[in-house]
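Listed in order, the protein sequences are those of chains P, L and C.
By the working numbering, the letter at position 216 of the first sequence is numbered 216, and the numbering carries on one by one without gaps.
By the working numbering, the letter at position 22 of the second sequence is numbered 22, and the numbering carries on one by one without gaps.
By the working numbering, the letter at position 292 of the third sequence is numbered 292, and the numbering carries on one by one without gaps.
To be clear, the hints were calculated from the coordinates, so they are not data collected in a lab.
Only a predicted model underlies this, so the values are computations on that prediction, with no experimental measurement involved.
Some clues are possibly wrong.
Claimed, not checked - In silico contact screen, one side only, chain L against chain P (beta carbon under 10 Å); selected entries:
(1) L98
(2) V101
(3) F139
(4) A150
(5) L207
(6) L211
As the list claims (entries may be wrong) - For the chain C half of the interface with chain L, some residues (derived, Cβ under 8 Å), not all of them:
(7) Q195
(8) N274
(9) W317
(10) H325
(11) L346
(12) S362
As the list claims (entries may be wrong) - Here are the simulated lysine-lysine pairs, DSBU-like style, with alpha carbons at most 35 Å apart:
(13) P:K49 - C:K342
(14) C:K396 - P:K59
(15) C:K80 - C:K36
(16) P:K59 - C:K379
We put the CB at the ideal spot given by N, CA and C, even for glycine.
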Amino acid sequence: MKTYILTRILLAIPMILIILTIIFFVLRILPGNPVMALLGPKAPPEVVKAMEHQMGLDKPIIVQYGDYLGSILKGDFGVSAYTGVTVIQELMQKFPATLELTIFAMTIAVFIGIFFGTYGAYHFGRTLDIAARVYSIFVYSFPVFWFGIMLQLIFGVWLHWLPVSGRSSPFMIPNHIYTGLYVIDSILNLEWPVLVDTLYHLILPSVTLGVVISSIFVRMVRSNVILSLSSQYVVAARARGAKEKKVIFKHALKNAMAPILTIMGLEFALLLGGAVLTEVTFSWPGIGSYLVTRITYRDFPAIQGAIVFFAMFVAIVSILVDIANAWLDPRVRY
Amino acid sequence: MANTTNTNYGNQMLSSRIGRGFRQLMGDSSGVMTFIGLILLSLFVLMAIFAPYISPYSPVEPSGAPLLSPQWGHIMGTTNLGYDVFSRFIWGSRMALLIAVIATSIAAFIGIPTGLLVGYAGGVTDRIVTMIMDSVYTFPGLILAIAIAAMLGPGVLNISLSIAVVYIPTYYRVIRSQVSTIKSELYVEGARSIGAKNMTIIGKYILPNVLPSTIVVLSMNIADAVMTEAGLSFLGLGIPPPVPDWGYDLAKGQQFLLQNDWWMVVFPGIAIILLVLGFSMFAEGMDEYLNPNIGEKR
Amino acid sequence: MKKYSILMTILLLVVFSVSIFAISAKNYVIVGTTDKITSLDPAKAYEYFSDNILQNVMTGLVEYIPGTTKIVPSLAKSWKISSDGLTYTFTLKKGLKFSNGDPINAQAFKFSIDRAISLKQNPSFLLADVVKDVKVIDDLTFDIQLKYPFAPFINILAFTISYPVDPKVYSANEVYNGLPVASGPYMVKKLVRGQEIEFVRNPNYYGKPAKTPIILVKIFRAANNLYMALMSGEIDVAYRTLLPQQFAQIKNNKNFVSYVGKSPFIREVVFDVNVKPFNNPKVREALSYAVNRAKISNEVFMSQVSPLYTLIPDGMWGHKDVMPHYNPSKTVSILKSLGYSKDNPLKISLWYTPSHYGSTESDLALTIKNVFEATGLIKCDVKYAEWATYIDYWTKGVMGMFLLGWYPDYFDPDDYMWPFLESKASPSMGSYYSNKTIDELLLDARLVSDIPGRTALYDKVQDLMVKEAPYIPLFQGQQQVVTKPNIGGIVMDPVQIFRYYLLYKK
């Protein structure tokens, strides 16, 4: 098991490296001078030169690349050209927001997926099944931002039920930040109003993202449950006279869980893409809105840092999923 | 085999009866889906082709007072600068289809040959290229497209390119995995043993066998590309105005939503949904037609 | 049943928490904004929001009287300017302290000015260009020596770049990223980037304490979110930046009070005078007749900006309406004389940048395109580039005609003339305009120190500028503040410093 985990981690490194390399060179080959963007047009040439030197932009690209890889290995993502704050500090502050959003969205998606998927499978070919499939195709074609805007309009503007932007109301940030996940921090601080406020703010963004992603889960759960409904032990369970509900939820669904877990890992990338648009739509202060903002200013260290973080996030999740799968399913060889 | 699982459980339910009626009416559900998908698609294609004849106004010039609500003469209202929303709805299909098709073609033209050659060659090249492709494949596509689009700047080709990069690995993976199984099949081995050249084997024996599966991928990818393009222009990384583009219109409309000028957001949104719906229904139906077992592709 | 009871508890908690927000306490004011912080180190801060925060937590030798452009001593007790205009001698107030208790003395000023220059950050040039040396005389007295006499120098001393920092906390050769050590009315207690900033009173501030003990600035990503927060009562004040249509709607809403004032912010079309066809002054002149500023103001900005016919904003001395007003028939006649016709239209591209100046920018570009094309003799494309690329393009001469904005560094006509028209400065604006007579007049205006004398010189410059039309000034911005009716202390300031420390709840 240990060697298996180690190999998985080692395999993730080239992926991060490749993505980083692509971004690094795409950023530099094309026009757009980050120093000028920072200093503005008023800066005299010698200041521009000094800044370029300070940021290492006067060196050949290959050298810059080497330097950057070297410092990444040491965990140093550089200093944001836009704010002067270290990128790692900024990312550590933004990342929990993205994590919190994605966890909630994923949970919602999985629940919808299991519910609709299982019922669809059980009623294979009948109205409920068709409804589940139509739902999944329909929702799949929703642009995340459009759906988000519609929810904002209905629940925020018309009904005034839910807050439509940000992570918290004024003064409602947890007093001590331990994890950066406000849900957990507010519990640790025993600040109940803060917890409620946080959950309250999470509803619309995570429902938006969760529903759009759920389409894939519905299809996957459906087809997997259909498969396992035909498997021998389900037939055997039925033959033993087990109740239908038990057959479906205990035997069929449980058996279908392993592939679902794999899909969760695979669809995670899609979820993150959607998270960027969701964050922008809901003013959610995560890495997605961070990336979009910094792209405008060609903040190289920040953009690279955000991309590496996303890549690491994907890699870690897929490793976790693999490990969970291996642990759940003894047939997987290490 | 899927149908055999559907034994007589729950037949007493109302839903099953309605379902059966529905099926009798419309035939097999996958057929219905393909059909609806095709109708939607042809609607948009026709709209794109005949845009100059159908659209009541020019989409790039103001044609009325700003912010008119839907009414006679402007059935979808006007934008804040007085552009006719309906005309932009129609012309927008051109841009959406154009970019999606260019992007998907670029991806296919790079992904398919690479998959063929690398899959056929095998060995170290295979391992390295596959690793690179897998890295791009596992990375969130939209985020990669955002980064590349932002760096390339606006323009039809640039946007298409940044979307294409995301989908190259999809083709590569589908083709490569098939090639590596087919190449050890008997008839390929046979051809090789009688001294056929590598290129002949790829062109004559392998390519025709792997192409059908790419149709589904293609159609699914166009749907994704439409969505990605809308996302990019929503973030302000699309085609410069006044070129009609749904994503741009949606982003602009969002700024007027709170004044209850809903038509600027709702109609471009519906356009995107319907077009994506068309492609994905078509793909779904085709998938079931080509692969009757219910293993999920994509 | 268990499920229901949990659900009920959650619902109760929600109701409870909402009711918390409804209780308004007198000891804080919540300000909402869509601005972003960059750096809070005065040596690096160089955009509106960061500077404005510093203007509330720090102060300099001198400051503006709120609501005026009049400069008065702040940390300084008094100052003397030598007769050649090269040496400024400052005497500090006694017993000044930073928020952490460290003394604010002459050494701190020398350290801060030297540091701001040697760090070579964004705004460094403001001091580096003029300051030769700082000499400490004693704890309370020091000299600033200039490279050349520079009439607006005192205005630079009122700007954030000249604010003193604590030498014990700020490193001489690195940008500081901690919470600022305050010398002004407030200090920053908590800063969560992209979310909120909490200010509390600075106990060591020399002047009148801030009116309200706590100010919370809540940061929103987009105008829509700011607007909704205002409507739901989450914030007390909205400052920068609602969309024009949102502000227009609030103005008619009796639940809010709105304030407007002229802003020193101007917008203009820039011509790169080296790029064809804009190298022909006649073409530039023709285009300047075609710009319908009233239409821009009405349709894009809901009449919330004022048309501007020169580069110096209205309300500042030296301002003189010189540019031609809207007259498309003039455009037509000039273009016809240049050989353009309906079949051979003038083909040009107008560039804009989509996020730097807010989301109205594409509408502005489209409206200008439309008024150009309405003449029938012009075919105008619209193109855009993100800010970083945009700057790169204009420094490389890619864009012949593009939209730009200008917010002054110091409140003086010099800052609206020199950077635009002086030969060595105009490349940084992307215009590359050069005219010897104008150069001489501008230099003269820097050396002369009486306002009537300088006004006369700027009059001449503006008259000369019209003939060559290297820029088409478009409009002057508007400062807009919306508050709940129970909020007081809003001062519409010509220099556009927004003072949190004057806000209070009635």
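How the hints compare with the structure:
1. L98: violated, 18 Å
2. V101: It is violated, given that the least Cβ distance between V101 (chain L) and chain P is near 18 Å, above 10 Å.
3. F139: holds, 5 Å
4. A150: Status holds, d = 4 Å.
5. L207: violated, 28 Å
6. L211: Violated, because the Cβ-Cβ distance from L211 (chain L) to chain P comes to roughly 25 Å (cut-off 10 Å).
7. Q195: This interface hint is violated because 21 Å lies over the 8 Å limit.
8. N274: violated, 22 Å
9. W317: violated, 37 Å
10. H325: This hint is violated: H325 (chain C) lies away from chain L, its Cβ roughly 22 Å from the closest one there, beyond 8 Å.
11. L346: violated, 18 Å
12. S362: holds, 5 Å
13. P:K49 - C:K342: It is violated: about 48 Å lies between the C-alpha atoms, which goes past 35 Å.
14. C:K396 - P:K59: holds, 21 Å
15. C:K80 - C:K36: Distance of about 38 Å is beyond 35 Å: violated.
16. P:K59 - C:K379: Roughly 43 Å between the alpha carbons, so the hint for K59 (chain P) and K379 (chain C) is violated.
Hint violations for this structure: numbers 1, 2, 5, 6, 7, 8, 9, 10, 11, 13, 15 and 16, all remaining hints satisfied.
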